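*Asks:* Take a look at the letters that make up each chain.
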Amino acid sequence: MTFVKLMKGALAGAVALSFAGVAQADDFPSRGIEFVAGYGPGGGHDTMLRAMAKIIQNNELSSVPINVVNKPGGSSAVALGYLNSHKGDGHFLMSATSSFLTTPLTSNIGLDYTNFTPIARLGIDPELLVVNASGSYKTLDDIAKADKVLNVGGSGTGSIENIVTIKLAEALGKKLNYIPFQGDGEVTAALLSNQIDFAITNTGPVGDFIKTGRFSALAISTEKRVDLFPDVPTFIEQGYNINLSLFRGVVAAGDIGDEEKAYLLKMVKDMSETKEWQENYIQPNSVVPDFLGPDEFAEYLKGMNDVYKTSLTNLGIIK
Amino acid sequence: MLDTLASLSGGFETVLTFHNIVLIFLAGIIGTVIGALPGLGPSAGIALMLPLTFGMPHASGLCLLTGVYMGTMYGGRITSILINTPGDAPAIITALEGYPMMRQGKGGLALGISAISSFVGGFFGLAVLVFFAPIVAEYAIFLGPPEYFMLMLVGLSTIVLLAGDDVFKALIVTCFGFLVSTFGSDYISGHIRFAFVPELIEGIDFVAIIIGLYGLGEVFYNLERKIVLNLGKPNFRFSDYIPGKEDLKQASGPTVRGSVLGTFIGILPGAGATIATFLAYALERKLSKNPENFGKGAIAGLASPEASNNAAVPGSLIPLITLGIPGSGGTAIMLGALIMFGLQPGPLLMIQSGDVVWAMIAGLILANFFLLASNVLLIPLFVNMLRLVQKHLPSIVVGLCIVGAFSLNYGTFNIWIALIFGVIGYLMRKNDYPTGPFILAVVLAPLAENYFRQSIMLAQGSWSIFINRPVSLTLVVFMVLVVCASIISKQLLRRRRVGTE
Amino acid sequence: MKISEIILLGGLSVFSGSLLWGSLDMPYSTDTTFGPGFIPLNVSIALLALIAGVAIRAVVRSKRDVAVSSGGTGEPADDAQDVVPQTLGVLMLGGAIASIAICIYAMSYIGVMIPLGVLLVILSWRFSGHGFFKSVAISLIVLAVIYLIFSVWLRIPLH
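Chains as they are written, first to last, in the working numbering: chain A, 586 to 904; chain B, 125 to 625; chain C, 1022 to 1180.
Accuracy of the hints is not assured; some may be wrong.
To be verified - Looking from chain B toward chain A, a few residues come up when the C-beta cut is under 8 Å (computed):
1. 170
2. 171
3. 172
4. 181
5. 326
6. 393
7. 449
8. 457
9. 470
10. 472
11. 505
Simulated from the structure, these hints should not be mistaken for laboratory data.
Quantities reported herein were computed from a predicted structural model and do not represent experimental measurements.
Glycine is no exception: its CB is placed at the ideal position from the N, C-alpha and C atoms.
For reference, chain A alone in the conformation it holds in the complex:
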């Protein structure tokens, strides 16, 4: 079967070659593909890439072995530098989440998202507006009408939760007091004990509390309602134009050939359509699958980068 795979690969390469006319292409991939995780073993990037690698290999979606490599350090700055040092080589695929945009913006590493080749966005992590069910706010309207400055919990300043809060404050025309916590767990604890009035958080850590009725979700930050929470209305349908989520995607090194890009895309796309991916990654991690190909992903990254850039500038974090 490997022979057939190889033949297929060679054929695809040959076809692509005739279109693109680049000489090096017919031997791609010429060795194992390296999946680069910007964080250590056990972290979100690492687990996503390992899940992907396992599914790709189980389903023989790649003709060469796949090796997950951890390049932790500097909120993925080290991995960005590593990938950039392999410019033009398609044998590397890196996981990209918000730090892919924010780390270049907030530090001076001399790189940004345009130095890399977007391959695909695999899914998004929507943001929920969650209140403690025993509290006095039952709808977004109650929040709009509250006669004091409300305390909002979320993760660090400059995070997507912070930006959603800022947009909400603008839309409501009222001041909100954003309190950054370290990690989702602390936000959940603060909301459980009513130390904050509501929280902006992604779905994973609060899903069970919503199911058991201790929390209720008043709005979700996606364009349309999601299957995970069919009863939760979007901000948009309640009249607040907020459509912002975290993304999980993969990017390759900059300046790679079109065939290399096409090969990686096909591999990742086929992977994302397997049942295993849905069952072993998407569902347990409460990710909303929302696949975007290279061009749309690039467009999306540009848009998100602008959002981060404006918000971080307004917050005084970048000049």
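Given the structure of chain A, go ahead and fit chains B and C onto it with the hints provided.
*Replies:* Chains B and C alone, transformed into the frame defined by chain A:
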């Protein structure tokens, strides 16, 4: 109560198969070894064992991970005591008393006492986990940033106890610790502080600092002086390693106090085992009749922190399994593992997958017994092995420190950090600058800073939040009383001295 | 003051001075509470002040010691006795630190194992006073154990 016992025995039924027993035993040994290696602690141990658990039944996989977690707490103390290189952060305090004992030729005894304290601590924590987990967790979440800030202040105030004779020097290293802790991204403001190179965006790794300060610093210090450890003659007689009645009596009170403290600090999300050891040490020193013995091999100062760091393991599992809130680096990775197993951590975990959780708890109880047995039985091996390699210790320690620092981030950056702090540690030791206050400041200063800012933000700018909340107010009053009491007692002492003169 | 203490305090002064400089760029306070620049700015000033304090104290003490020692205390004499072995010790130490630094530098290019092996041999042979062949043998054993534990068993990429 009966329900609980029934669930627990259900858990034991799952765990007591030949396969699982062997697995738990191995997990304990693996954890002990990983914990003993400088640089690799609970988080790294769990993360590295994670791939092995795929394909195992969930209960077995979780038993493996928690067994490793518990094992690292036993393991950290071994290198702390034998070569003054804490295997991981919760074992730092162990080195303060354990290594002096080692140099007095009582290393085996130190290992024996700390193994027993570890066992008692772990057992106490497990008892709380079994019987009170849901209740305790519901109360623990009501503590927020103001209370945590007060707790960190209590912790920071113990700098006075670790200061040594020269207050100036202690203050200098404390300030240095504060500054070292400010590196990297500050999630409260979103700014990145002092990232001269990209690796510094996440701050200076605390474990690289202790590898340098204690491990390499000690080697440098010894290289200059050629100190030979007093290891006595080769000895395989067990009775010399088993603590006697007198020692156990000395250790019993501190062990119990350390267990209680460790469990409750462990439960608080955001505190964790390292802080528990600092507070336990400070408490013992405050209560001791001979505080001048601390730092010279005081059994109380060894037993209590060791009990507390093991008690913190089951403690930190409580918010994880009842609420899905991880309280430490190790449990954060456990959370990831639960998700990968398809068990959704959160309030429904005990309801939907109670059998698996109870099996894990049963496995942890079993692991604690295995760990006590193996750690006591292995003491002669450790001590004699050390005797065998003593002449080559410098190169072995340097080798372990370098590879340990490398494994923190799979790069050379942390080895540089360790080397720099090795030189600093050597210079500090040579000139009698205490390392305790420095480490304490590095650990607690960022937490204190962030909890303070969160508190003020929660109160929307008002400072009254610290006295408006009952627990926080209690802590404030407690601290004021302690300060007053110590001032008054000093005054009394002075007056008495003047009187006798 | 001993030379080593001067090095320590000098290094700390440079360190806190550069953080002081860096913290001037960061906000000192925010709407409700203090900003990211607050702690670094204040603590680095405090550290500089403390170092100055210790330095002044040392100068005052040494003046007093000179006065006392002319009266005949033993302390300076002790120092003199230690000078020769101390210089040797410092040289050894400097050499060891330099070899470690070179070894780390090499690691970023060719992986951990080979530089570490060379370093272990040098440390054991030149700095711990073992014979060359014994050093090589011991270093190989240590290296093998490290390789087995970290690379084979824990699968940490050492090369």
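*Asks:* Give a verdict on every hint.
*Replies:* Right, here's what the structure says about each hint:
For residue 170 of chain B, the shortest C-beta to C-beta distance to chain A is roughly 7 Å, which falls under 8 Å, so the interface hint holds. The interface hint given for residue 171 of chain B holds, since its Cβ lies 3 Å from the closest Cβ of chain A, which is under the 8 Å cut-off. Residue-level restraint check for residue 172 of chain B holds (minimum Cβ-Cβ distance to chain A is 6 Å; threshold 8 Å). Interface hint status for residue 181 of chain B: violated, as the beta-carbon distance to the closest one in chain A is roughly 16 Å, over 8 Å.
The restraint placing residue 326 of chain B at the interface with chain A holds, with a minimum CB-CB distance near 6 Å, inside the 8 Å limit. Interface restraint check: residue 393 of chain B against chain A, minimum CB-CB distance 6 Å, threshold 8 Å, status holds. Using the Cβ-Cβ criterion of 8 Å, the hint placing residue 449 of chain B at the interface with chain A is satisfied: the shortest such distance is roughly 4 Å. Hint on residue 457 of chain B holds. Least Cβ distance to chain A is approximately 4 Å, under the 8 Å limit.
Against a cut-off of 8 Å between C-beta atoms, the interface hint on residue 470 of chain B holds, since the closest Cβ of chain A lies about 3 Å away. Of the supplied interface hints, the one on residue 472 of chain B holds, with its beta-carbon coming within about 5 Å of a beta-carbon of chain A, less than 8 Å. Contact between residue 505 of chain B and chain A, as hinted, is not supported at the beta carbon level, the nearest pair being about 30 Å apart and thus beyond 8 Å.
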